[in-house]
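S.K.: Sequence:
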Amino acid sequence: MSGRSLTSSSPPAVDPSLVSISVAVVGEGGVGKSALTVNFIKGLFVEEYDPSESGSNVVMISLSMQSDISPDTAGQEEYKALRETYMRSAQGFVLVYSVTSRPSFDEIISFRDQIKMCKDHDQVPLVLVGNKIDLESSRAVSTIEGANLGKSFNCPFVEASAKLGVNVEECFMQVVRQIKMQCAISGETPQEPVISTKSGHVYEKRLILKALESNKGIDPVTQQALSPEDLLDVKSNPLTKPRPASAASVPGVLMLLQNEYDSLMLESYTLKKQLDSTRQELAHALYQHDAACRVIARLIKERDDARESLANYKSRSTNSNEDGMEVETKEGELPSDVKAKIDRKSAELSEGRRKRAVPSTLSSVEDLKQFKVQLSEHTHSPSQPGITAVDVHPSSSNSVLSGGLDGNVVLFDSSNKKIIKTFKGHGKKVTAVKFHPTEDIFLSSSADKTVRVWAKEEEKPIYTASHDNQVSGLTLQPTGDYFLSGSLDGQWNFHDIKRGASILSHASGDAIHSIQFHPDGFLFGSGEEKGIKVWDIRTSSNLVQFNDHSGHVTSLSFSENGYYLASAGSDNTVRLWDLRKQKSFQSLELPANFNPTTVTFDHSGQYLLVAGSNIRLFTSGKTFNEVASFEKHTAAVTGVAWGQDANSFVSVSMDKSLNVWRK
Numbered sequence: 012m013s014g015r016s017l018t019s020s021s022p023p024a025v026d027p028s029l030v031s032i033s034v035a036v037v038g039e040g041g042v043g044k045s046a047l048t049v050n051f052i053k054g055l056f057v058e059e060y061d062p063s064e065s066g067s068n069v070v071m072i073s074l075s076m077q078s079d080i081s082p083d084t085a086g087q088e089e090y091k092a093l094r095e096t097y098m099r100s101a102q103g104f105v106l107v108y109s110v111t112s113r114p115s116f117d118e119i120i121s122f123r124d125q126i127k128m129c130k131d132h133d134q135v136p137l138v139l140v141g142n143k144i145d146l147e148s149s150r151a152v153s154t155i156e157g158a159n160l161g162k163s164f165n166c167p168f169v170e171a172s173a174k175l176g177v178n179v180e181e182c183f184m185q186v187v188r189q190i191k192m193q194c195a196i197s198g199e200t201p202q203e204p205v206i207s208t209k210s211g212h213v214y215e216k217r218l219i220l221k222a223l224e225s226n227k228g229i230d231p232v233t234q235q236a237l238s239p240e241d242l243l244d245v246k247s248n249p250l251t252k253p254r255p256a257s258a259a260s261v262p263g264v265l266m267l268l269q270n271e272y273d274s275l276m277l278e279s280y281t282l283k284k285q286l287d288s289t290r291q292e293l294a295h296a297l298y299q300h301d302a303a304c305r306v307i308a309r310l311i312k313e314r315d316d317a318r319e320s321l322a323n324y325k326s327r328s329t330n331s332n333e334d335g336m337e338v339e340t341k342e343g344e345l346p347s348d349v350k351a352k353i354d355r356k357s358a359e360l361s362e363g364r365r366k367r368a369v370p371s372t373l374s375s376v377e378d379l380k381q382f383k384v385q386l387s388e389h390t391h392s393p394s395q396p397g398i399t400a401v402d403v404h405p406s407s408s409n410s411v412l413s414g415g416l417d418g419n420v421v422l423f424d425s426s427n428k429k430i431i432k433t434f435k436g437h438g439k440k441v442t443a444v445k446f447h448p449t450e451d452i453f454l455s456s457s458a459d460k461t462v463r464v465w466a467k468e469e470e471k472p473i474y475t476a477s478h479d480n481q482v483s484g485l486t487l488q489p490t491g492d493y494f495l496s497g498s499l500d501g502q503w504n505f506h507d508i509k510r511g512a513s514i515l516s517h518a519s520g521d522a523i524h525s526i527q528f529h530p531d532g533f534l535f536g537s538g539e540e541k542g543i544k545v546w547d548i549r550t551s552s553n554l555v556q557f558n559d560h561s562g563h564v565t566s567l568s569f570s571e572n573g574y575y576l577a578s579a580g581s582d583n584t585v586r587l588w589d590l591r592k593q594k595s596f597q598s599l600e601l602p603a604n605f606n607p608t609t610v611t612f613d614h615s616g617q618y619l620l621v622a623g624s625n626i627r628l629f630t631s632g633k634t635f636n637e638v639a640s641f642e643k644h645t646a647a648v649t650g651v652a653w654g655q656d657a658n659s660f661v662s663v664s665m666d667k668s669l670n671v672w673r674k
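Under the working numbering, think of the first position of the sequence shown as 12, with each following residue one higher.
Be aware that one or more of the hints could be misleading.
[To be verified] As a list, the in silico DSS-like pairs of lysine-lysine whose alpha-carbon atoms are at most 25 Å apart:
hint : residue 1 : residue 2
1    : K356      : K366
2    : K283      : K221
3    : K383      : K428
4    : K467      : K509
5    : K643      : K594
6    : K130      : K191
7    : K429      : K366
8    : K221      : K246
Derived from the structure by calculation, the hints contain no laboratory data. Since the structure is predicted, the reported quantities are computational estimates derived from the model, not experimental observations.
Build the full structure now, drawing on both the sequences and the hints.
M.R.: This is the structure in structure tokens:
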């Protein structure tokens, strides 16, 4: 700035928080806009200043630690567009006139109208400044006239001297205060300003209260908890307070428009935040999708390799024979590692049973009495009518497995009323089906003398074993690694699912019509031609025998309490046994020709279902009492299975129907 005489003083410190604030200094040429700006920024006064061409109308400054003065625009028509550009980008305005120039004072109204047009808003941070009060002897505009004009603009009025440094900082800080007092939600000067004691943000009172109500006490800007008690009223200068809506001639309409505008502001702010959040989530999801595709490709390759290895293994094993096989079995005791695994699981289950309480979600007796058929489907071949076996997945009551006279095993989704898959392979009726609790594999036994293990994704069984006569039943050992099959040939076989082999076979002596593991996993019961035998699988020893039935035993079910056993016999009786006392303590009363086919406890041990000519419900206690009967099937009920927490059960019948019962 050589060639100019400067008087200097130390420049005022600028608050670092003002870095993003832009202020336009507006006025006629020669009123001292640049002198005020230079004095504010650098603490200097320019005695002589030669703006471009004939005069300047706008000086732009950015309040920061390294502020610069934007070029003055001369008061000529070719600079009009540039002036309007500065006005649109400015956040606040300092309107300057010279107290020694009446024309510069009269032109202020035109500048204010131009600002309102450029900003398209009435409420603009503004301060009116009368400069050059050091030339008091040449004053042409009185202080009262300036104050009245500021009052009509609803803005602060300040008289200053750039030469003497009087009120220079106040000119700019007044407009900065207005900018800083804008609502953090709407961006406008609030009518009723409040400030958050937690974040320091300023809000329009009605806007923030509405936002807190709709957001359940969350600050829409900081996303932190905020209550109305955390808001402090700000006592603002009445000159800067915008005209309220109630001052309009149609206050009701304006109030309605104001409320709608408030809602739009809140919605717009929320949508902007959601858009930013969605963009971030989308970017993250795209990265995840790419990573997932890579993982899926790797897993598919590993699966294909595993299938190939399994196929090679099965081709070398005698277990690959679909129609039956000679399994590697032996009489005697189980291998020590298998016994150790069974013992560990038994101890775990026994300990858990003592701690387990009746679940709060268990259906009550009153609920069970209201059970009705909510879904009835025909899932098997109509040419060979009759469904003979059913099971419900222990952790998903909508997954149902059934077996029929057609030799098929059907996986059914009751929620979507859709058959997921039909497994074909048995040559005669299916006598039992069972879900694996944790893997997508299923077990089935058949009158064709075989038991089969199916994988959900495979068409053919992954394991097949045979007996010398009809396989009457099977039961899964609680470890999930083994299962038992029983046959009319008088043999029970113990199978290893993972190895795909039978590792133990034992001759009972009588035809086995039903078989069931005890909840602890080392005991199991076999329903035979002349009674019930309880075995220890670890030693293949018969621990106790019950001979109260006069016919063969068609079904067994151990209660989860560990000491009750229910049995159904061809002698038209259902008996309850206490394993602690090793005797029957009750025989349930059934109508003549009921012919019970299935008994099953629910997982809590509170309820017992008995299926025969219809379905009957009994409650557990010192004695079992009948509380309800369910009659919908038109032929003998061949199977029944509980859903989770006794909230439903599924029944199948020789009438070809699979019925889902619930409240």
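S.K.: Determine for every hint whether it applies to the structure shown.
M.R.: For each hint, the structure was consulted:
Under the criterion of a C-alpha separation no larger than 25 Å, the hint pairing K356 with K366 is consistent with the structure, at around 16 Å. Taking the CA atoms of K283 and K221, the gap is about 18 Å. The hint holds against a cut of 25 Å. Under the criterion of a C-alpha separation no larger than 25 Å, the hint pairing K383 with K428 is consistent with the structure, at around 17 Å. At most 25 Å may separate the alpha-carbon atoms for a hinted pair to count; K467 and K509 meet this at roughly 15 Å.
Taking the CA atoms of K643 and K594, the gap is about 35 Å. The hint is violated against a cut of 25 Å. Restraint check for K130 and K191: the C-alpha separation of about 18 Å stays at or below 25 Å, so the hint holds. Pair hint K429 plus K366 does not hold up; C-alpha atoms about 38 Å apart against a cutoff of 25 Å. With a C-alpha separation of about 21 Å, the suggested pair K221 and K246 falls inside the 25 Å cut-off, and the hint holds.
In summary, the structure is inconsistent with hints 5, 7 from the numbered list given earlier, while agreeing with the others.
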